[in-house]
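Position chain D against the provided structure of chain W, taking the given hints into account.
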Amino acid sequence: MRHIFIPLYAIIIFLLFWEFIVWVNGWPNYKMASPSDIWPAFWKFKALFFQYGWDTLWRTVAGLFLAVILGVFLGMIMGFSKILREGLYPLLVGFNAIPKATVVPIIALMFVGQHDLNTILIAFMISFFPIAVSISIGLSTLEPEYRDILRSLGASKSIIFWKIALPKTLPEFFGALKVAVTLAFIGTNLMEIVSPHGRGLGALFDSGKTNADYPLMFAVLIALAILGIALYYIVVVLEKIFAGWAERSSE
Amino acid sequence: MKSNINIDAIIIDSVSHTYKTDTGLLPVLKKLNITIPKNGFTAVVGPSGCGKSTLTKLISGLLKPDNGHVYLNGEKVLGPKPIVGMAFQNPVLLEWRSIIKNVMLPLEIVPNNLSEIEKEERARSLLHLVGLEGFEEKKPSELSGGMRQRASLCRALVHKPEVLILDEPFGALDAFTREDLWQVMHKLRLEEPFTGVLITHDLRESIFLADEVVVLSGRPATNQHSLQTQKLKNPKLDSLFSDNSIEMLKNLRKQIEIAQVQQGEI
Chain W
10 MRHIFIPLYA
20 IIIFLLFWEF
30 IVWVNGWPNY
40 KMASPSDIWP
50 AFWKFKALFF
60 QYGWDTLWRT
70 VAGLFLAVIL
80 GVFLGMIMGF
90 SKILREGLYP
100 LLVGFNAIPK
110 ATVVPIIALM
120 FVGQHDLNTI
130 LIAFMISFFP
140 IAVSISIGLS
150 TLEPEYRDIL
160 RSLGASKSII
170 FWKIALPKTL
180 PEFFGALKVA
190 VTLAFIGTNL
200 MEIVSPHGRG
210 LGALFDSGKT
220 NADYPLMFAV
230 LIALAILGIA
240 LYYIVVVLEK
250 IFAGWAERSS
260 E
Chain D
11 MKSNINIDAI
21 IIDSVSHTYK
31 TDTGLLPVLK
41 KLNITIPKNG
51 FTAVVGPSGC
61 GKSTLTKLIS
71 GLLKPDNGHV
81 YLNGEKVLGP
91 KPIVGMAFQN
101 PVLLEWRSII
111 KNVMLPLEIV
121 PNNLSEIEKE
131 ERARSLLHLV
141 GLEGFEEKKP
151 SELSGGMRQR
161 ASLCRALVHK
171 PEVLILDEPF
181 GALDAFTRED
191 LWQVMHKLRL
201 EEPFTGVLIT
211 HDLRESIFLA
221 DEVVVLSGRP
231 ATNQHSLQTQ
241 KLKNPKLDSL
251 FSDNSIEMLK
261 NLRKQIEIAQ
271 VQQGEI
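Sequence lines, in order, name chains W and D.
Take any residue in the first sequence, count from 1 to its spot, add 9: that is its number in my numbering.
Take any residue in the second sequence, count from 1 to its spot, add 10: that is its number in my numbering.
Bear in mind the hints are in silico, worked out from the structure with no lab data behind them.
Hints may contain errors.
As the list claims (entries may be wrong) - Which chain W residues face chain D? A few, computed with CB under 7 Å, are given here:
id : residue
1  : L118
2  : E154
3  : Y155
4  : I158
5  : R160
6  : G163
7  : A164
8  : S165
9  : P176
10 : W254
Claimed, not checked - In silico BS3-like pairs for lysine-lysine, Cα to Cα no more than 30 Å straight-line:
id : chain 1 : residue 1 : chain 2 : residue 2
11 : D       : K149      : W       : K177
12 : D       : K246      : W       : K166
13 : D       : K129      : W       : K91
14 : D       : K148      : W       : K249
15 : D       : K260      : W       : K166
16 : W       : K249      : D       : K129
17 : D       : K148      : W       : K172
18 : D       : K67       : W       : K166
19 : W       : K172      : D       : K149
20 : D       : K148      : W       : K177
21 : D       : K74       : D       : K170
Said to hold, decoys possible - Calculated from the model, a selection of chain D residues having no Cβ within reach of chain W, i.e. all distances over 10 Å:
id : residue
22 : L36
23 : S70
24 : G84
25 : E118
26 : G156
27 : R165
28 : Q240
Every residue, glycine too, gets a C-beta built ideally from N, C-alpha and C.
Extracted from the complex, chain W is given alone in its bound form:
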């Protein structure tokens, strides 16, 4: 019970404090909306919130899914082959160094009007890097004794991968996935805000801006926070299930 109520109290105190600050300073809602403005804004557009929230969610998850597939694949080939690692690493670092906000308009133009594809693409591009790096580091730092134990018994490369290399890399993978899920979410919203006549919470945010509906913009921020927390904790639960062994008991 404690670990439910303590965060809950913290949130309530935060909201009260926010309300108080806005009230004390007499800020108009275009400068800073207060929590009491946000609920009506949400209620007015609640159908859109759910519909667009769903759009944002599935696009993020789809982009992340692609990122996991390509990231694990790249990580594997870089982890197992030194030549490929040396060849691919500078390319990946260079690609990752480009701020994705600058890629957004390029992709938006490249596939103009295809909002789903655009958004998934950006979510994917922004989030695969940490996954690829963590897998390749996990595999290339596998102590040789682990491999020798199985190799001396005549185990094939694929048995060594499934029985030792893959499970041993899982904690690093989930660490990277926590970063990647947040990044993918940023990617989705970047694209949704930029691409015209789009859908998703980012588009709702943008329409709040065009219509000078400031409480709506704040309501979208809150919705995004809730969605982001949910996504993050889904990864945490998956990590507990598949890599819980890496956690040392605190006692």
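Showing chain D alone in chain W's frame:
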């Protein structure tokens, strides 16, 4: 293919090996000869970095010698064989598996016709033998260093290998734990016969555990000296303080010094 009793279990026949490094060739073994009879136990000692670990890789088939041959049970070693079991200084247990599942790992790879229950029984009886009963379901991180090394020995023996290769298995343990494990080794040798090769830096360990101690020269390593120890079935640690043992230790110490000087000169 069961071995003939007359065939030596391990024959290292004039083996040489050279590594290719960025700075050139590094010869590590030169015309090395070691013969170990079936169920014998030989310790190999020598200066640090003289090529002892290379030797374990050659016996287990993980490396092929440049020159000479290695025979296990009269058959030339051409690659890894499941009649070999290995344990290293690092116990390399899989953190995500329970102790018993770690011990059972080789049975998942080596072809056998044991049922799941028989595999578990086999692992359980070995764990019992080394004093780990009650720890079967624990994770490796919950065990002390000595206990993990015990589990690692069980894993090396679970598939009933004919040859057990130990590469400084007790090197990272404290002195008392190490002595406990020496006695565990004697117990294992009585209950689970195997032909053993022990790489070690500890001269007391070598004379306490092995029937023969081979001293390697400095790199490139070759036979420098060999010493037979009279082995009781179940020696006591006190025997290490007998005049005979001390004489052997002095002798070995001198041989190691010669090898170290030689390695320094190269």
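Please verify that the nearest CB of chain W lies beyond 10 Å from D/Q240's CB. 32 Å, holds
Hinted pair D/K260 and W/K166, Cα distance within 30 Å: Violated, because 46 Å separates the two Cα atoms, which is more than 30 Å.
For a C-alpha distance cap of 30 Å, please report whether D/K148 and W/K172 respect it. 19 Å, holds
Identify whether the interface hint at W/A164 stands, where standing means a beta carbon of chain D within less than 7 Å of its own. 5 Å, holds
How about W/I158: closest beta carbon in chain D under 7 Å, or not? 6 Å, holds
Between D/K74 and D/K170, is the straight-line Cα distance small enough, at 30 Å or below? 24 Å, holds
D/K148 and W/K249: Cα distance at most 30 Å? 18 Å, holds
Would the hint on W/Y155 be counted as holding, given a Cβ-Cβ threshold of 7 Å to chain D? 5 Å, holds
10 Å cut-off, C-beta based - D/S70 kept clear of every residue in chain W: Non-interface label fails for D/S70: nearest chain W Cβ at 4 Å, not farther than 10 Å.
Quick check for students: does the CB of D/G84 sit more than 10 Å from each CB in chain W? Non-interface label on D/G84 holds, nearest chain W Cβ at 19 Å vs cutoff 10 Å.
Need the status of pair W/K249, D/K129: alpha-carbon distance at most 30 Å? 29 Å, holds
Regarding the hint that W/L118 lies at the interface with chain D, is the smallest CB-CB distance below 7 Å? Status violated, d = 47 Å.
Hint compliance for this structure: hints 1, 8, 12, 13, 15, 23, 25, 27 are broken, all remaining hints hold.
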